[in-house]
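A.B. asks: Spelled out from the first residue to the last, the chains are:
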Amino acid sequence: MNGKARIKKISIALPEQRLTNDEIAKRFEKWTGEKIFQKTGIKERRLSKETETASDLAVKAAQKIFDSGIVKSSDIDILIMCTQSPDYILPSTSCLIQARLGLPTTTLTFDITLGCSGYVYGLSIVKALLENGNGSRALFLTGDTYTKYFHSMDESVVPLFGDGATATYIELDDSKDIDWTGPFVYGTDGQGACNLRVEAGACRMPGYLADPSGKSDPKRSDAPEYLHMNGPEIFTFSLRTVPETLKRLFEKSGCTIDDIDMFVFHQANEYMLEVLRKKLNIPKEKFLIEMADSGNTVSSTIPIAMERAIAKNIICEGMKIGVVGFGVGYSWAAGLLIL
Amino acid sequence: MKSEEVIIEIEEALNADPNSLTMLSKLNEIETYDSVGQLSVIALFDSLFDIVISAKDLTQCKTVSDLLYLVKDKLS
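Taken in sequence, the protein lines are chains A and B. For the first sequence, the numbering used here begins at 1 and goes up steadily by one. For the second sequence, the numbering used here begins at 1 and goes up steadily by one.
Calculated directly from the structure, the hints in this document are not laboratory data. Each statement offered as a hint is correct.
Here are some, though not all, of the chain B residues that point toward chain A, as calculated from beta-carbon distances under 8 Å:
#1 V36
#2 Q38
#3 I42
#4 A43
#5 D46
#6 V52
#7 A55
The beta-carbon is built from N, C-alpha and C at its ideal position, and this holds for glycine as well.
One chain only, chain A, in its complex shape:
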């Protein structure tokens, strides 16, 4: 079947446990719940249980797609999972999810290990696969449990990140004249890798080398097994990169800010988003901020924000959406979508 890749449905799954600003404020001297909200725009974030992984959440999100009746699990041709919190070093988490969802054994399946840029990259990959004869129906999942990488007293990450997963169902639409997804532009600068990283646990620095006892000293928040973020460097990177990326997207698409109905940026934190919005002169009513009750969920922030905006009728069918993902890597991408 020829056609163009089109997003048909987005669903989300968040862990039940909540971490409020007041609870965080108890850990850090000088902080109050109100101050945390003012600086981040986040009221609460969700925490996965010790036994709950990103794949557990992603399976729940995918199941909601099937429960809606829009597609049957037996009809899925492509399954992609974007995560930096895999169940195991190997195999790919997507292979485990294929089995748990009962997808056909003919399914094309793999993982993408990108973070904040992952949703935009994933949509581009799904589009390329679908429009080049590799199937008609794709399930694109995102999911992360960054809170498992936290030191509980690291004030640069605890207030910002939360766990969550999403599922996006994309199928070939037979209207051949409309590009529902794309164009996309991309970028990478690995020199920024050290500014947002979990250093230990893989092959360059196996966990047992970083900590011969096999168990990290819980008092040391700078241990390489934990997630570390240099907030000011990430902020600087974003201020430099996002405007230039959006400019490239406009050049490639021939669009301007006036042509876009809604911008959905990676929901890093409200402060940064507001600085970027002002710098880019994007009107407030065209700039979605939807992260107050979930925080920064890495590759899931864009689909979570979109799903909620669709539920509130802020985003409607036929709207042109500009999406921008940027962060860990450094890796970034931007693209256009028509819902």
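Let chain A serve as the given structure and place chain B on it in line with the hints.
C.D. replies: Just chain B, lined up with the frame of chain A:
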């Protein structure tokens, strides 16, 4: 823009009391100059002067005067 005017902008960005900062004020003694305060200074210079200073450069600054020299340096 005069130095005095930039200092007023820095006070506002850091939610510091009016006239509380001078060229000689030490950054580590400003209560609100934490990691979020640093973001505010980066954002301020971006909006005032259209320059994005690196966080690394910012960590070299010890006083308000150092911040102003950093801007001057970037603009020259």
